[in-house]
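K.L.:
Protein chains in written order, with the numbering used here: chain A, 1 to 873; chain B, 1001 to 1192.
There may be inaccurate statements among the hints.
So the derived label-pair ranges between C-beta atoms look like this [claimed, not checked]:
#	chain 1	residue 1	chain 2	residue 2	range
1	B	Pro1145	A	Ala468	53 to 61 angstroms
2	B	Gly1191	A	Asn443	42 to 50 angstroms
3	B	Gly1191	A	Glu569	37 to 45 angstroms
4	A	Pro209	B	Gly1157	36 to 44 angstroms
5	A	Glu569	B	Pro1145	38 to 46 angstroms
6	B	Gly1191	A	Asp324	54 to 62 angstroms
7	B	Asn1068	A	Ala468	50 to 58 angstroms
8	A	Ala300	B	Pro1145	41 to 49 angstroms
9	B	Pro1143	A	Pro209	53 to 61 angstroms
10	B	Asn1068	A	Gln511	18 to 26 angstroms
11	A	Asp533	B	Asn1068	41 to 49 angstroms
No more than 27 angstroms apart at the CA atoms, straight line, and that leaves these computed lysine-lysine pairs for DSSO-like [claimed, not checked]:
#	chain 1	residue 1	chain 2	residue 2
12	B	Lys1079	A	Lys604
13	A	Lys454	B	Lys1140
14	B	Lys1061	A	Lys546
15	B	Lys1051	A	Lys624
16	A	Lys546	B	Lys1051
17	A	Lys624	B	Lys1099
18	A	Lys604	B	Lys1140
19	A	Lys602	B	Lys1079
Quick caveat, the hints were computed from the structure, so don't treat them as lab data. Only a predicted model underlies this, so the values are computations on that prediction, with no experimental measurement involved. No residue lacks a Cβ here, since even glycine has one placed at the ideal position from N, Cα and C.
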Amino acid sequence: MFQARCSSLKMICQKFCVALLHWEFIYVTTAFNLAYPITPWKFKLSCMPSNTTYDFLFPPGISKNTSNLNGRYEAVVETKLNSSGNYLSNLSSRITFHCCFWSEEDKNCSVYADDIEGKAFVTTVNSLVFQQTGAHWNIQCWMKEDLKLFICYIESLFKNPFKNYDLTVHLLYVLLDLLEESPLLPEKGSFQIVQCNCSFNECCECHVPVPTAKLNNTLLMYLKITSGGVIFHSPPMSAQPINVVKPDPPLGLHMEITDTGSLKISWSSPTLVPFQLQYQVKYSENSTKNMKKADEIVTATSLLVDSVLPGSSYDVQVRSKRLDGLGIWSDWSTLLTFTTQDVIYFPPKILTAAGSNISFHCIYKNEKKIVSSKKIVWWLNLAEKIPQSQYDVVDDHISKVTFPNLNATKPRGKFTYDAVYCCNEQECHHRYAELYVIDVNINISCETDGYLTKMTCRWSPSAIQSLAGSNLQLRYHRSSLYCSDVPSIHPVSEPKDCHLQRDGFYECIFQPIFLLSGYTMWIRINHTLGSLDSPPVCVIPDSVVKPLPPSSVKAEITVKIGLLKISWEKPVFPENNLQFQIRYGLSGKQVQWKMFEVYDAKLKSASLPVPDLCAVYTVQVRCKRLDGLGYWSNWSTPAHTVVVDVKVPIRGPEFWRIISEDTTKKERNVTLLWKPLMKNDSLCSVRRYVVKHHTSHNGTWLEDVGNHTKLTFLWTEQAHSVMVLAINSIGASSANFNLTLSRSISKVNIVQSLSAYPLNSSCVILSWMLSPSDYNLMYFILEWKILNEDSEIKWLRIPSSVKKYYVHDDEKHQHDADLYVIVPIIISSSILLLGTLSVLHQRMKKLFWEDVPNPKNCSWAQGLNFQKRTDIL
Amino acid sequence: MEPRRDRGIAAPAAARPQKPIPGRKMRCGPLYRFLWLWPYLSYVEAVPIRKVQDDTKTLIKTIVTRINDISHTQSVSSKQRVTGLDFIPGLHPLLSLSKMDQTLAIYQQILASLPSRNVIQISNDLENLRDLLHLLAASKSCPLPQVRALESLESLGVVLEASLYSTEVVALSRLQGSLQDMLRQLDLSPGC
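Next up, chain B with everything else stripped away, as it sits in the complex:
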C-alpha cells in the first residue's frame, strides 16, 4: 500500500482563487477594505468551494456504492443488533464538520486494521474525504483539531482476532449509514 503523505493541499488548478480567502490565511488588512472586497472575494471563492462540496458529495456516494459492491455486506440484516462492537461509531443524524472528521478518523483506523483487500481502497477514500472536510472547515474558518488515536481502539486487535467477520460487516454497514447521514448534512451546511 502506498505510504501516507503530508497534508499539503494543492488548490484545484482550474479554480484556484486569485485573491486571499477570507477566514483562511488572509493577511489582516483594514476592515473596510475587506468589507469592500467581500462580494468579489466571495464570488471568486464560491467556485472552488463549490467544487470541493461537489467532490465531497460525489466521494461519499462513491464510498457508499463501494460498500454496496462488497458482496458479503449486502446480505446483512439491519434489524439485528450486534453487541460488543461499541467502539464502532453509530449513526448520528446531526453532525458537525469536526464530528464528521472524528467519526471518519475512527473508521479509517478500523479499516486499516482489516485484512480485506477491498477495504484498502475505501480507507484511501476516507483519507481523501477527511482532507475535503478539512478544506470545507477551513473555508468556514473553523479549523478542525487533529484527531488522536482513540484508546477504545486498543482492544481492536483482540476483537479482530476473534470476530473478524462481524467487525468488518458491522464497520462497513455503520460507515455506510454514517456517510449517508453526512451526505444529508452537507446539504444543510453543517457547522464547525
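The shape of chain A in the complex, shown without the other chains:
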C-alpha cells in the first residue's frame, strides 16, 4: 500500500511537471491555506531533484495523502533545467525539483505535488533529506518598523552547490484583501514581481511596499530563484505584515551613574514608531567582587542597576520588539562597555542656580579596597577644605557633601566650574566633580509700541555667557487678564523666538498682543547638564506702553501778551489720560533746556514766560500715561518760534546831543545821536525812528529819520525839546527820553589827566584826575575803540563817583595797551547840562538809573553801534 501510494505520488508529480512545463509555473490552483506561514521569521528553503528517494524517511504515523497539514507548510514544484554546471551534469535535461520550507524549530519539510484532478497532495519529509543533495537558502522576512516596507532576506547556505553561480531572485507577491482570503490562490496575473537586490556574497534583499491600510491583510508570495541556469520556485508563503514587524535596534545606548549612585542604562528608539515597544536588556558586571549577568525586559527606554561599584566594567546590549501582538525582536544594539573609575562621584556634574543648595556623593576605592565613608574629606578646587559640618555619611562607602546657598561660579581662566574633590584623608584622587553655579537673574524689560499692537521684550544674556554649550530661550505663559501678585513658572509655556541685537541684547517681539493679558516670562537656560529658569516676570502690555510723541507741535511768542505758547495734539493711542512734558530753550547748537510739565490731560497748549521775547526758541513735547504706567514717548519733532514784533518798543532810544556853534553866523546846529534799540527794547524790531520836536513858537512836529541814528537840526529858539521815538510794526515806543535844549548850557572841561594801564590781553585799567571845580557831575561818558582793527567806537557811561575804570574786551585776547585810545568825555553837572534827560515813564526811569555799568564787568554799552565821531561837546 505504501509503495502503491508512492508510485501514485511519482506519477502525479510527473504529470504535474508536464503541466507546469506547459503552463510555465502557473500557481493557480494551489490552496491558499497551504501557503507557508512566516511565523518563524527565520526559515530555510530547500530544493532537491524529484528523482531523489525520500520515501523511507517519512516519519512514522504521518499521513502521506493529506491534502492539508493544517496549512502549516507545503511543497511546490520546480523545474526547467539547464544542463550546464557540474552538479547538474549528471541529471537529465528535464528534472523536477521539489522545494519546501523548514526551520530550526520544525525540521519537517513537506513537498507538494498535484494529481490529475488538481488536488493538492502533500508529503512530509525530514529536511535532512534535502540537506544531503539539494540547494538551500536561509530566508528571513519581516516588516520594517516604519510599517511601510516588507523585507525578505535570502542567503545561500554554504553547502549550496549552486553557490558559485550567479544568483537572481524575484519575489512575486499579492496583498489579499481581507474579504478575498478565499481558499484559492489568486490568478497568476494578480501577482506583482519585485527584483531582489543581490550582493556578491549571495545575499539578496527583496522589498515589498505595503500600504498602511493593508497592514492586516495577508501578503501571499513566492520566490523565483535563478542560480546556475536553474530556476527554483519556492512554495507560496504568507504573512500578515503587522504580525512580523521587526524594529530597528535601539540607538544611543548610554550608561551613566545617577545622582543616587545607580547605573542608569538608557537608549532611544531609532524613530517614532507608531506602536509601543518592549526592550530586552542584556548586561554583565565585571568587578573585583563578582561577575554578574542579567537579562531584563522593560517597556521604558532606561533601566536602573543598583549599587554600582568603582573600578568595574559593564557590558550592555539592548533590542526591541512590539509590546502588543506578534512581532520579531530587533537585532541587538552595538555592545557598549562602561567602566567606572576608582572614584565615583554622583552626580559627576551639577548645574544649578545661584542661591540654591546642592549635594555631591562619592565612593572612593583605594588599592582594591573601598574607603570607609567616615574617612572621606572634601576639598574645593584643591584650595580649601570643605568644613566637616557639610558632610553626611550615607552608608559605609558613600559620603555626601552639601553646599548651601551657593554663589555664582567665578570663572578661573578657562575653567567655568568649581572642582569638588572627594579625598581619602590626606590623599585626593585626580578625578573631581564639577559644580557650575549660574546667576540666573536675567532682567526682562518690555515695551509696547505706540500703536498698541506690538510688545518688544529685551534681555541680556551677559550674566551667563560663561557657560559654554548652553542655549537660552525665552518662554512665556499668557493668562487671560492681568498678572498675579507673585509670578510663577507655569507648567504650560511656549518658547518665543528672540534675535540677538548689536548691543548684545536679545529682542523678542509679541505681535499681535493681548493688551490686558498677563505675560509671564522667564529665560530657560538649556545645557547638557540640565536646564535652569530665571525668576519669572509678569508684564501686561497695557502697562508698558511707550506712546507715540505728540504731533502738530507749534511754538510762537504771542503778540501783545508776550508769552511762549506751545500747542500740540495728543497721539491717537493710548486712550488713557496723558501727562505732557515740554522742553524749550534758545535755539542754538547746544540748547539749554528748560522743562515744564502739564498734568491736565485735556490741555492741548501751554503759555510760558520767557526772558527774551525776540529770540528763536526751540520747543519739544513728549507724553506719558498720567497714572505713571509705561514710558515717556520720544520727544516730538522740534518746533521753532519766529521772531516777530510782539509789542510796541518798550522805550525810545537813549540819545545824546552834540552842539556845534558857528560864532560867525551865530547859529547852533544840534546833532542828536542815539543807540539803535536792541531787540529787548524794540520787541522786536525797529522799522524807523522819528524825532519829535517841540518849541514854543512852532509847536510840535515829527521828523522821520528812517533807520538812521543821527539827526542834525538847526537850533533857533530859546528852548527846544526833542524826543526820539522808535517805531515797529505794532506802533511807537510808549516811554521815551526827552531832551530840552537851553541856551544856558555850556561845555564842561574838567578832566585834567587820563592814564591807561593794560592788565592783560583783554583788560585795561583807566584812571583820571579832575580839575577842581564846583560842577555837580552826573556821570562820565567814556568813548573807546581798539586801534588797528575795524571795530567801532564804543561808549560807556560811568558814574561820577568812580575814579578808575576797567575796560574789558572779552572778544579780544591779545592787545597791547597802546592799542587802546581812551577818550574821556565829561558830562557836566545838572546845572550845566545842555538839556534835561528825563524818562517820561516812571518805571523806565528807574530802570535807566539802576542800569549803571559795573566797572568790573563789561559795560552795558559795549556792542552798541554808535556813529563814529571825532568830537563831543
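Position chain B against the provided structure of chain A, taking the given hints into account.
P.N.:
Only chain B this time, still in chain A's reference frame:
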C-alpha cells in the same frame, strides 16, 4: 497668531482684594458677619472693580479708534443699508452684560474669519474685552453663560467668499457702533 489661552484670570497685582469678595467665590459664612463686614469689603472691592471698569472703557475706546484707523472703513456711508449680512449683530442701545458678551462673541467669530491682518489685533482686543465683561459680571454675581458657536455663522464662509469687502466693512462698522453703545451703557451700570 498666538494660541488662545485658558480663561484663568489673575487679579491685578496692585489692587487684589485681601478678603473674599461677596457674590464671587465667597465661602458662605454667617449672614451677620457678612453684613458687618460688608462696608469694608465693598471698599476693598471697589478698587479693583473700578480698575476693571476703567480698563473696560479704555479698551472699548481703543478698539473704536483702531477701527477708525482702518482706512477703508472711514469712507463707508452709514446711510446706505447693506442687505444679506443679517448675521452681523446690529445696534442695541440697551444691553445687558450677557448680551454684550454674546454680541462680542459673534463679532469675534466673524473677525476670526476675516483674512485682513489688522483685524487680528481687534479680535484679540475683543477677547480681552469679553474677559473684562466676565469679571464685571462676576462682581455682580451674575455669571455669564458660555457662548456657543452660532448656527447662523455657518454660512459665513460662503458669504466671505463672495463678499469679503462688504462683510469686513459692515462688520467693523457695526462693531464700532455696538462698542459705542456699550460704552454708554457701562456708565449706566448694566444689568446681568
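K.L.:
It remains to establish, for every hint, whether it holds in the given structure.
P.N.:
Each hint tested on the structure:
At roughly 56 angstroms, the beta carbons of Pro1145 (chain B) and Ala468 (chain A) sit within the given window of 53 to 61 angstroms. For the pair Gly1191 (chain B) and Asn443 (chain A), the beta carbons lie near 46 angstroms from each other, so the given range of 42 to 50 angstroms is met. For Gly1191 (chain B) and Glu569 (chain A), the hinted distance range of 37 to 45 angstroms is satisfied, since their beta carbons lie about 39 angstroms from each other. Distance hint check for Pro209 (chain A) and Gly1157 (chain B): the Cβ-Cβ separation is about 39 angstroms, which falls inside the suggested range of 36 to 44 angstroms.
Between Glu569 (chain A) and Pro1145 (chain B) the Cβ separation comes to about 44 angstroms, which falls inside the hinted range of 38 to 46 angstroms. Taking 54 to 62 angstroms as the suggested C-beta distance range, the pair Gly1191 (chain B) and Asp324 (chain A) conforms, at roughly 59 angstroms. As the Cβ distance of Asn1068 (chain B) to Ala468 (chain A) is approximately 53 angstroms, the hint placing it in 50 to 58 angstroms holds. The supplied range of 41 to 49 angstroms is met by Ala300 (chain A) and Pro1145 (chain B), whose beta-carbon atoms lie about 46 angstroms from each other.
For Pro1143 (chain B) and Pro209 (chain A), the hinted distance range of 53 to 61 angstroms is satisfied, since their beta carbons lie about 58 angstroms from each other. Evaluation of the 18 to 26 angstroms hint for Asn1068 (chain B) and Gln511 (chain A) yields a pass: the beta carbon distance comes to about 20 angstroms. Checked against the given bound of 41 to 49 angstroms, the beta carbons of Asp533 (chain A) and Asn1068 (chain B), roughly 42 angstroms apart, stay inside it. At roughly 34 angstroms between alpha-carbon atoms, Lys1079 (chain B) and Lys604 (chain A) are farther apart than 27 angstroms, so this suggested pair is violated.
Proximity of Lys454 (chain A) to Lys1140 (chain B) is assessed by CA-CA distance (about 33 angstroms); at most 27 angstroms being required, the pair is judged violated. Taking the CA atoms of Lys1061 (chain B) and Lys546 (chain A), the gap is about 18 angstroms. The hint holds against a cut of 27 angstroms. Note on Lys1051 (chain B) and Lys624 (chain A): the hinted pairing holds, with a Cα-Cα distance of about 19 angstroms set against a maximum of 27 angstroms. Between Lys546 (chain A) and Lys1051 (chain B), the direct Cα distance comes to roughly 20 angstroms. Compliance with the 27 angstroms bound is thereby established for this hinted pair.
Annotation: proposed proximity of Lys624 (chain A) to Lys1099 (chain B) is violated, straight-line Cα distance about 35 angstroms (limit 27 angstroms). For the hint pairing Lys604 (chain A) with Lys1140 (chain B), the CA-to-CA distance comes to about 38 angstroms; that exceeds 27 angstroms, so the pair is violated. A threshold of 27 angstroms between alpha carbons decides the hint, and for Lys602 (chain A) with Lys1079 (chain B) the separation of about 32 angstroms lies outside it, so the pair is violated.
Hints 12, 13, 17, 18 and 19 from the list above are not met by this structure, while the remaining hints are.
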